[in-house]
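Next come the chains, spelled out residue by residue.
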Amino acid sequence: DQQVKQNSPSLSVQEGRISILNCDYTNSMFDYFLWYKKYPAEGPTFLISISSIKDKNEDGRFTVFLNKSAKHLSLHIVPSQPGDSAVYFCAARRNNAGNMLTFGGGTRLMVKP
Amino acid sequence: IAGITQAPTSQILAAGRRMTLRCTQDMRHNAMYWYRQDLGLGLRLIHYSNTAGTTGKGEVPDGYSVSRANTDDFPLTLASAVPSQTSVYFCASRGPGVAGELFFGEGSRLTVL
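Residue numbers (the working numbering), protein chains in the order written: chain A, 1 to 113; chain B, 1001 to 1113.
You may find that some hints are simply not true.
As a list, the in silico DSBU-like pairs of lysine-lysine whose alpha-carbon atoms are at most 30 Å apart [unchecked claim]: (1) B:Lys1057 / A:Lys71; (2) B:Lys1057 / A:Lys5; (3) A:Lys68 / A:Lys37; (4) B:Lys1057 / A:Lys68; (5) A:Lys68 / A:Lys54; (6) A:Lys37 / A:Lys54; (7) A:Lys37 / B:Lys1057; (8) A:Lys37 / A:Lys112; (9) A:Lys5 / A:Lys68; (10) A:Lys56 / A:Lys71; (11) A:Lys37 / A:Lys71; (12) A:Lys56 / A:Lys68.
Rather than coming from a laboratory, the hints here were simulated on the basis of the structure.
None of the values given here were measured: they were computed from a predicted structure.
Please put together the full structure from these sequences, using the hints given.
Right under this line is the structure:
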């Protein structure tokens, strides 16, 4: 039973346009949500996070939105660049489980020049 | 700055053989983790260690063991490898950030035949 789900395995967007990656979760005990980016043959790297008490966090071209009532979050990348092409993982932290992260299955983003 | 170093980068192993994946960090982080990445399933936690001398089971611990003799090293051992353990293995440590973001190594690709 996956507690964190990324229902779109892949997404293709044109350079300069917006990329929207979605993530759904089931456990209301999650207190932080994180996005990781992974290039082939490399480890995941931390991108951006959001606390469960907030609904938006922005860092440059990256913005994460959290809708707690819908148990849904999304990562917006504006404008998208070819270097953003990677696999993006959504992750959630449980506040009563030693800060361990639960990851979604990942979404492969392809930004076309 | 090396961060997390994993070895080997890749390995082909016969079923039934014993294998140890090595992980070393130079950031003096207390908590360390082992994840496996499988297509569509994202990153699943195998074992973790909150501090030197302690370990715990994650989501998929069966067939794996870990030890944490000191802060820097966190090896993962497959006592008798099976084909279902074919995967990419990532070691990570938890940084000091409030969201608990993880720093990952570059991964060890293991193929069990």
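The hints, checked one at a time:
1. B:Lys1057 / A:Lys71: Holds - the C-alpha atoms of A:Lys71 and B:Lys1057 are around 27 Å apart, at most 30 Å.
2. B:Lys1057 / A:Lys5: Roughly 22 Å separates the two Cα atoms, so the pair holds.
3. A:Lys68 / A:Lys37: Holds, at about 23 Å.
4. B:Lys1057 / A:Lys68: 29 Å, holds
5. A:Lys68 / A:Lys54: 9 Å, holds
6. A:Lys37 / A:Lys54: Distance of about 22 Å is within 30 Å: holds.
7. A:Lys37 / B:Lys1057: Holds: A:Lys37 and B:Lys1057 sit about 25 Å apart, inside 30 Å.
8. A:Lys37 / A:Lys112: 17 Å, holds
9. A:Lys5 / A:Lys68: 15 Å, holds
10. A:Lys56 / A:Lys71: 14 Å, holds
11. A:Lys37 / A:Lys71: Answer holds: A:Lys37 to A:Lys71 is near 21 Å, not above 30 Å.
12. A:Lys56 / A:Lys68: 11 Å, holds
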